[in-house]
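**Q** If you read the sequences in order, they're chains R and D. 132 is the number that UniProt numbering gives to position 132 of the first sequence; each next residue is one higher, with no gaps. 15 is the number that UniProt numbering gives to position 15 of the second sequence; each next residue is one higher, with no gaps.
Just so you know, the hints here were simulated from the structure itself, not pulled from any lab data. Some hints could be false.
[To be verified] Each pair of labels, with its calculated beta carbon distance range:
no.	chain 1	residue 1	chain 2	residue 2	range
1	D	56	R	238	35 to 45 Å
2	R	117	D	426	20 to 30 Å
3	D	167	R	313	39 to 49 Å
4	D	141	R	284	25 to 35 Å
5	D	467	R	313	38 to 48 Å
6	R	160	D	133	31 to 41 Å
7	R	277	D	467	51 to 61 Å
8	D	12	R	247	25 to 35 Å
[Unchecked claim] If you want a taste of the chain R side facing chain D, the calculated C-beta under 8 Å gives, among others:
no.	residue
9	72
10	76
11	81
12	84
13	113
14	116
15	119
16	121
17	158
18	167
19	182
20	185
21	188
22	189
23	191
24	209
Idealized CB from N, CA, C, for every residue including glycine.
Spelled out, the chains give:
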Amino acid sequence: MRDRGVLLPVLGGACALLLVGTALFDVRQSAASGSDEQEKLLMIAPAAPGGGWDAQAREMQNGLREEEMRYNVEVRNADGAGGTIGLSQTANREGQDNVLTMTGLGMVGAVETTGSPYTMEDSTPVAQVASEYLAVVVPEDSPHESLDDLAEDWRERSDTLPVAGGSMGGVDQIFAARVAQAMDIEPGGINYLPYAGGGEVLTSLLSDTSEVGFGTLGDFADQIEDDGPLRAIAISSPERLEGVDVPTIQEEGYDLEMSNWRGVIAPPGLTEEETARLEDLVAELVTTDTWADTLERNRWTDTYQGREEFEEFLDEEIEMTQETVEELGL
Amino acid sequence: MDTLYQLMDGLAAALTPENLLWAFLGVLLGTAVGVLPGMGSAMAVALLLPVTFRMDPTGAFILFAGVYYGGMFGGATTSILLNTPGQASSIATTYEGHKMALAGRAAQALGTAVIGSFVASIIGTLIVALFAPVMVSFALNFGPGEYFALTVFSFVAVAAVVSGSVLRGLTSLLIGLAIGLIGIDAQSGTARFDFGSATLLDGVDIVIVTVGLLALGEVLYVAARGKSAADFSAIRTGRPWLSRGDFKRSWKPWLRGTALGSAFGPIPGSGAEIPTFLSLGAERRLAARRAARTGEENQFGKGAIEGVAGPEAANNSSAAGTMVPLLGLGLPTSATAAIMLAAFQQYGLQPGPVLFERNADLVWTLLASLLIGSVLLLVINLPFAPLWAKLLKLPKPYLYAGITLFSVLAVYAINTSVLHLVVLIVIAVLGLGMRSFGLPVAPALIGVVLGPIAENEFRRALAASSGDPAILFESGISLGLYGLVLVAAVVPVLTHLRRRRKARPGAEHEPVA
Numbered sequence: 001m002r003d004r005g006v007l008l009p010v011l012g013g014a015c016a017l018l019l020v021g022t023a024l025f026d027v028r029q030s031a032a033s034g035s036d037e038q039e040k041l042l043m044i045a046p047a048a049p050g051g052g053w054d055a056q057a058r059e060m061q062n063g064l065r066e067e068e069m070r071y072n073v074e075v076r077n078a079d080g081a082g083g084t085i086g087l088s089q090t091a092n093r094e095g096q097d098n099v100l101t102m103t104g105l106g107m108v109g110a111v112e113t114t115g116s117p118y119t120m121e122d123s124t125p126v127a128q129v130a131s132e133y134l135a136v137v138v139p140e141d142s143p144h145e146s147l148d149d150l151a152e153d154w155r156e157r158s159d160t161l162p163v164a165g166g167s168m169g170g171v172d173q174i175f176a177a178r179v180a181q182a183m184d185i186e187p188g189g190i191n192y193l194p195y196a197g198g199g200e201v202l203t204s205l206l207s208d209t210s211e212v213g214f215g216t217l218g219d220f221a222d223q224i225e226d227d228g229p230l231r232a233i234a235i236s237s238p239e240r241l242e243g244v245d246v247p248t249i250q251e252e253g254y255d256l257e258m259s260n261w262r263g264v265i266a267p268p269g270l271t272e273e274e275t276a277r278l279e280d281l282v283a284e285l286v287t288t289d290t291w292a293d294t295l296e297r298n299r300w301t302d303t304y305q306g307r308e309e310f311e312e313f314l315d316e317e318i319e320m321t322q323e324t325v326e327e328l329g330l
Numbered sequence: 001m002d003t004l005y006q007l008m009d010g011l012a013a014a015l016t017p018e019n020l021l022w023a024f025l026g027v028l029l030g031t032a033v034g035v036l037p038g039m040g041s042a043m044a045v046a047l048l049l050p051v052t053f054r055m056d057p058t059g060a061f062i063l064f065a066g067v068y069y070g071g072m073f074g075g076a077t078t079s080i081l082l083n084t085p086g087q088a089s090s091i092a093t094t095y096e097g098h099k100m101a102l103a104g105r106a107a108q109a110l111g112t113a114v115i116g117s118f119v120a121s122i123i124g125t126l127i128v129a130l131f132a133p134v135m136v137s138f139a140l141n142f143g144p145g146e147y148f149a150l151t152v153f154s155f156v157a158v159a160a161v162v163s164g165s166v167l168r169g170l171t172s173l174l175i176g177l178a179i180g181l182i183g184i185d186a187q188s189g190t191a192r193f194d195f196g197s198a199t200l201l202d203g204v205d206i207v208i209v210t211v212g213l214l215a216l217g218e219v220l221y222v223a224a225r226g227k228s229a230a231d232f233s234a235i236r237t238g239r240p241w242l243s244r245g246d247f248k249r250s251w252k253p254w255l256r257g258t259a260l261g262s263a264f265g266p267i268p269g270s271g272a273e274i275p276t277f278l279s280l281g282a283e284r285r286l287a288a289r290r291a292a293r294t295g296e297e298n299q300f301g302k303g304a305i306e307g308v309a310g311p312e313a314a315n316n317s318s319a320a321g322t323m324v325p326l327l328g329l330g331l332p333t334s335a336t337a338a339i340m341l342a343a344f345q346q347y348g349l350q351p352g353p354v355l356f357e358r359n360a361d362l363v364w365t366l367l368a369s370l371l372i373g374s375v376l377l378l379v380i381n382l383p384f385a386p387l388w389a390k391l392l393k394l395p396k397p398y399l400y401a402g403i404t405l406f407s408v409l410a411v412y413a414i415n416t417s418v419l420h421l422v423v424l425i426v427i428a429v430l431g432l433g434m435r436s437f438g439l440p441v442a443p444a445l446i447g448v449v450l451g452p453i454a455e456n457e458f459r460r461a462l463a464a465s466s467g468d469p470a471i472l473f474e475s476g477i478s479l480g481l482y483g484l485v486l487v488a489a490v491v492p493v494l495t496h497l498r499r500r501r502k503a504r505p506g507a508e509h510e511p512v513a
């Protein structure tokens, strides 16, 4: 009797171990040799599981597998300090030609605000893969119907009107600062309430803690639909987005166009040939059906840029971010 | 009644052999990652997400539900056996749970945790199914002022955890608050106590603090005391099952924990920790009152089963509660929920106010899958309880070596950062010091968890009102919570006075020297 009582749990335990073991093996599988499809590729997501860069890395991993381009892709989370922890891990892998790190405007901003010893210079830009546009949103019952309404109110009480967005120095705050600037409001003087994520910004707006929200469209997409609790009054894209009935900021007469772009970088010290190989891999991935599906599912816009174009774009973004961060006094 | 029929339809759709297999895998995997400290259910769900791209939505939901609930329970196993909570929501379980294990009642502690989790998941899920829309509008009444009131209330409620010297308890709390200050200040972006290191900019991860103070600190303390330390292998494990008496003492805490978890789970931002602490505090107070009334012994501090039953029920029902803002608003209140939101979107589900009308069948299937997940949680884990409990029979050197290995591995796994290991060792030495001077470590952990929430909400409230403190007392919710704080703070003082008055006549008989 006693033996049977122990046997079952032991069997169960063995099954569990086997299962976990297989899963771990699958992840850690090391097949560094062999070319192309079996080659190992490490993707560094400088965010925690569930974050934006984590989603980007896992989508790219999935795409490479689905399209039978690379089977041996490992996603490693290196979250912290706005992405600069991931950047430093990339910089320290000098010369490794099988590493792709997710990057974006948030990382560029974090380099400026955290005083990170590593900058974007310590990496090899590979490509821009997608963009999300940013939206200015208000609760459904807000008196602000347009950016003009908001500008009038905001100019009058810029130091008290509570506006909400993501963490300090992040993309949302940079966006809020640039909108304020376009309205001739001192960006350093606005009453910006930073939150940990899009979900919290939403609660802040719905509980009437803040009056205006700044964030990526995806954070609010479900809430700004027909009978949703929020209303978008402007979007930062250059033209109106398909299926999103919201005027652009430029349309409303303010000179601002901005995107929360996502790209990939590689460690520094790669040869021309090595970089070109990584670029080709990404270039091929973004043309596949799986990737098209990814873009649609995540509401990302295809803004692919090859290496040369991306490098130029990156330089401009860094310069603009430096200006904004300085004006914010961060 | 209509909702019940719909739930039945959902159950019918979800109950296929294939789905049961997914639920089984999910619970197993969830329990496994919950047992390993540092590997939360968020990580497991993130790893599984690409796998589910090819599954049908029902199967995917059931898998996630299994992982989510399994993770909540797995954390309890290590809390009870090894004093090492796998995640923040099982910290409250360690206090009485580990003491029970030391008293040879590990199997009973695990048993009450499993059944409590089961009861709480079932009731919590049913509450979500029946009242989600009402709960959403309640949760939205919480602005920063109300949050701050909630944290003040939590601080007072968990003060019950501090036993013995008030001064030592406060010292420990302040140590915890100080650790919580490390990192970038969320409101101003200023780096605090980062010692110039980028790793510390995000603060000290709660896993590092719990593993350092509780697990590794304990290992160092045992090592420092050498042979005089308690020997686990001498513990008799006794009967492996819950006795009738255990049941009698557990069922009320289960229900109370479930109520607390269901009430606070849906409030975005409060997380699963606050209800577990509230539950522990409530059980402790009730036990003290019961002891005073009936004269039976108060087992709190020595391994009271109520102190495990309550918090474990609370964390599972709050896990069900997080489904409320997720489904009703598309608002994820935990990392795991955030990834589940991504999964919803991939099936064209749009969480939000209209979800219940637009995708009713899928929503009911999801809720039904939560029910299935909790049944399997019970079926799989209850037989394991006595087996897990045998872990403590390992000879001490092997057991502590194992704990050390797992602790270090867990912390390294967070971010593959060597500096985190340095922080871990510093905190472990701090834990050793605190134990040597008789400082309880529990208040420090509470300080680390609640301190940053309280600070952020307080400053956010004042920022939103442009410095007018009236915002803190504006709403009925805040005033109600402060009222409870007053009651909680005044009642013990009154009883204390009454007891002293009673004691005075007796004092006259003492010989006057």
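**Q** Are the hints correct? Go through all of them and say.
**A** Hint-by-hint comparison with the structure:
1. D:56 - R:238: 35 to 45 Å: holds, 39 Å
2. R:117 - D:426: 20 to 30 Å: The hint (20 to 30 Å, Cβ to Cβ) holds, given that residue 117 (chain R) and residue 426 (chain D) are roughly 22 Å apart.
3. D:167 - R:313: 39 to 49 Å: violated, 60 Å
4. D:141 - R:284: 25 to 35 Å: violated, 51 Å
5. D:467 - R:313: 38 to 48 Å: Distance hint for residue 467 (chain D), residue 313 (chain R) holds at roughly 41 Å.
6. R:160 - D:133: 31 to 41 Å: holds, 34 Å
7. R:277 - D:467: 51 to 61 Å: For residue 277 (chain R) and residue 467 (chain D) the Cβ distance comes to about 57 Å; the hint holds.
8. D:12 - R:247: 25 to 35 Å: violated, 47 Å
9. 72: Residue 72 (chain R) check fails; min Cβ-Cβ to chain D is 14 Å, beyond 8 Å.
10. 76: holds, 7 Å
11. 81: holds, 4 Å
12. 84: holds, 6 Å
13. 113: Given a least distance of 6 Å, the restraint on residue 113 (chain R) holds.
14. 116: holds, 6 Å
15. 119: violated, 13 Å
16. 121: violated, 17 Å
17. 158: This hint is violated: residue 158 (chain R) lies away from chain D, its Cβ roughly 11 Å from the closest one there, beyond 8 Å.
18. 167: Holds, about 6 Å.
19. 182: Residue 182 (chain R) check fails; min Cβ-Cβ to chain D is 22 Å, beyond 8 Å.
20. 185: Result: violated, 16 Å to nearest chain D Cβ.
21. 188: At about 12 Å, which exceeds the 8 Å cut-off, the nearest Cβ of chain D leaves the hint on residue 188 (chain R) violated.
22. 189: violated, 12 Å
23. 191: Nearest chain D Cβ about 6 Å off; hint holds.
24. 209: With a minimum Cβ separation of about 4 Å from chain D (threshold 8 Å), the hint on residue 209 (chain R) holds.
This entry does not satisfy hints 3, 4, 8, 9, 15, 16, 17, 19, 20, 21 and 22, going by the numbered hints stated previously.
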